[in-house]
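Enquirer: Produce the entire structure from the sequences given, and follow the hints as far as they go.
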Amino acid sequence: MNRDDLWRRFVIVTPYLWLLMFFLIPFGLVLKISFADPIVAMPPFTSLFDFNKAPGESFYATLDNYRFLLKDDLYRISYLKSLKIAFFSTCLCLLVGYPIAYAIARASPVWRNMFLFLIILPFWISFLLRVYAWMGILSTNGVINNLLLSIGLIEQPLQLLYTDFSVYLGIVYSYLPFMVLPLYATLAKLDFDLNDAAADLGAKPLTVFRDVTLPLSIPGIISGSLLVFIPALGEFVIPALLGGLDSLMIGRTLYDEFFGNRDWPLASAVAIILLLMLVVPMMVFQHYQLRETDQRE
Amino acid sequence: MTQVSPAQSAEKPAWLDPATKPFIRVEGVTKNFNGFTAVDNVDLEIYQGELFAILGGSGCGKTTLLRILAGFERPTSGRILIDGADMTAVPPYERPVNMMFQSYAVFPHMTVEKNVAYGLKKEGAPKAEIQTRVKEMLELVQLDGFAERKPHQLSGGQRQRVALARALVKRPKVLLLDEPLAALDKKLREHTQFELMNIQDQIGVTFIVVTHDQDEAMTLATRIAVMQAGRFIQCGTPKEIYEYPVNRYVADFFGTINLFEGTVSRVEGEGMEVECGAIDAMVKAKSFETIQPNTRLTIAVRPEKISITKEPPDHNDKSVLKGVVWDLGYHGNLSIYRVKTDSGVIVQVSAQNRIRSAERVLEWDDVVYLSWDVQSSVVLTE
Ligand SMILES: Nc1ncnc2c1ncn2[C@@H]1O[C@H](COP(=O)(O)OP(=O)(O)O)[C@@H](O)[C@H]1O
Ligand SMILES: [Mg+2]
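Residue numbers (numbering that gives the first Met the number 0), protein chains in the order written: chain D, 0 to 296; chain X, 0 to 381.
The hints are simulated quantities; they were obtained by calculation from the structure and are not laboratory data. Any given hint could be a false lead.
Computed list of lysine to aspartate or glutamate pairs in EDC-like fashion (alpha-carbon distance at most 16 Å, straight line) [to be verified]:
# : chain 1 : residue 1 : chain 2 : residue 2
1 : D       : Lys203    : X       : Glu112
2 : X       : Lys126    : X       : Glu112
3 : X       : Lys121    : D       : Asp195
4 : X       : Lys113    : X       : Asp143
5 : X       : Lys339    : X       : Glu358
6 : X       : Lys20     : X       : Glu44
7 : D       : Lys203    : X       : Glu122
8 : D       : Lys83     : D       : Asp195
9 : X       : Lys285    : X       : Asp326
Rough simulated footprint, nothing fancy, chain D against chain X, three-plus residues with beta-carbon under 8 Å [what the hints assert, rightly or not]:
#  : region
10 : 78-92
11 : 330-337
Yeah, the Cβ is synthetic: ideal placement off N, Cα and C, and Gly gets one too.
Expert: Laid out in structure tokens, this is it:
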């Protein structure tokens, strides 16, 4: 094997090593823990193999945690709540993000860079700080309420914070760039001649959008939606800081099981189910990406 | 060229017959982009059934003019009339005009059939009619059998034909073609040129073709407008433009031409003698304009108008140069000679190889005489 071959193998193997180290091994560990029983010890769960016991009894695994998840309504409710919030946040991000991405893609190059810079700008400030800033804006004696009170539009301060509204606001605000950037990338690539051609063949502006722009931006819509949906589903910080007590999303439940109850096996089972819920949209994503590369070749 | 397009087949070409009305009128159209004038006060009359070429170098405003005709750009000033109706403010989707884009702009997410049917669907044509018309059109452009393909499964030439079919199926009054052949390789381009003329002949639609290739314009067009920096500098039949170019730019753009600068030394009616310093010769020329003695001008002579002989010519009403053969090229039907005159200027001459012989009549370094008739000298004052 010459040096080139070695190098090529190294380049091919590296990402797999990376995946193995930082994804597959931790996943295996969590999966393993999810089949254990909680105990008061360090670590707080029974091990899968116990070589001190007799050979027939050295392996121990249980599905109790999964059974418990199905039995207790709390988990089903928080999964559904998370799905609902992630889904509607994704829709909102799409509704807000599409026109923004479209405008940026059609702007002159100077403006385009300026807008892109503005979209990325919030990332320069810690995510946590930005969520705290929203607390300041939304709280009962925050910026919005004070403003509305001072101009006499309301008598009593509005309950904006600790509601579903504030959770949606926080998620849409935080994840909007992840929707805009892939949409922009797709829209900027579109040949504007295609729009002109459709108009030339008799399509009015809205029809041109429906027949040409929208179908050709589907890859961007899908990647943007997944980039918002996946992290929003497991989001912990935003519902914890901006959400009310009833907005129990699965991230929060997971946190409570791990750190509040120290029930690592149950928490692991929660995490595994969450992962399975994410695998489905990710496979859809993969499918479309493959199809898109197919078409370009 | 054996094809004769409708505009030419009439007893008298439409543009010379005062009784025919122009089909498209462009009246003083100007287009500014942030202070940059892309199209500058263009006037144009195009007749029904013409295959009109707009010719010019890259960036001279051809595409912009076509986009104004299609309705994508609003002219800064001026009017567009098609078939007597003012179209200046009519949006593209309501104009009786279709365009074939330089990039073809074939919809990548639709099959060939859907692409071609698109315009008819937007018209609201009945399904059965759409089907038959699309089928006919695909046969016309020889794409039957490709109906279910997606554009990325087609070659460049096939995509070009999809774009053509998609525009033609709407039966527009005018078809605008933006550099329709530029993206094709040489062989396919020549073949497609004739196909395009054939199709135009069959359906009789007025074509306006934009091109930067003078050979293409000459082969295709009934008339050519030459464009430079947003302006029309000459408009005429290919023959008119080739034989009577109005200035050095046009003369140089169409084929090879020898240019000699000089000063008018004697004028006699239409005839004149021009003293050309660089070639150290008196050139005889004719002009319909009155030209004053001492005017500085350029004499242009096409290579094929010059005779090349070993003996001095006996007619003294010709312009004569003496030189030696500097370079010669054998091109089968033609021989191209580059002759260096005594004063050191290279003059290009082409001669038909009329006699079948393996031997060359003229060799390198032969002393030769170049001569041409009075009417072969083109007088260019610009
Ligand atoms: N939308 C536009 N905005 C600004 N300048 C333009 C625009 N469209 C064309 N131009 C300019 O107008 C000139 C003519 O362009 P174009 O008509 O495309 O030339 P051609 O088709 O002859 O190559 C070019 O210099 C081009 O940069
Ligand atoms: Mg162009």
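Enquirer: Look at each hint and say if it fits the structure.
Expert: Against the structure, the hints:
no.: 1; hint: Lys203(D) x Glu112(X); result: violated, 21 Å
no.: 2; hint: Lys126(X) x Glu112(X); result: holds, 13 Å
no.: 3; hint: Lys121(X) x Asp195(D); result: holds, 14 Å
no.: 4; hint: Lys113(X) x Asp143(X); result: holds, 13 Å
no.: 5; hint: Lys339(X) x Glu358(X); result: violated, 22 Å
no.: 6; hint: Lys20(X) x Glu44(X); result: holds, 9 Å
no.: 7; hint: Lys203(D) x Glu122(X); result: holds, 11 Å
no.: 8; hint: Lys83(D) x Asp195(D); result: violated, 39 Å
no.: 9; hint: Lys285(X) x Asp326(X); result: violated, 31 Å
no.: 10; hint: 78-92; result: holds (count 3)
no.: 11; hint: 330-337; result: violated (count 0)
Hint compliance for this structure: hints 1, 5, 8, 9 and 11 are broken, all remaining hints hold.
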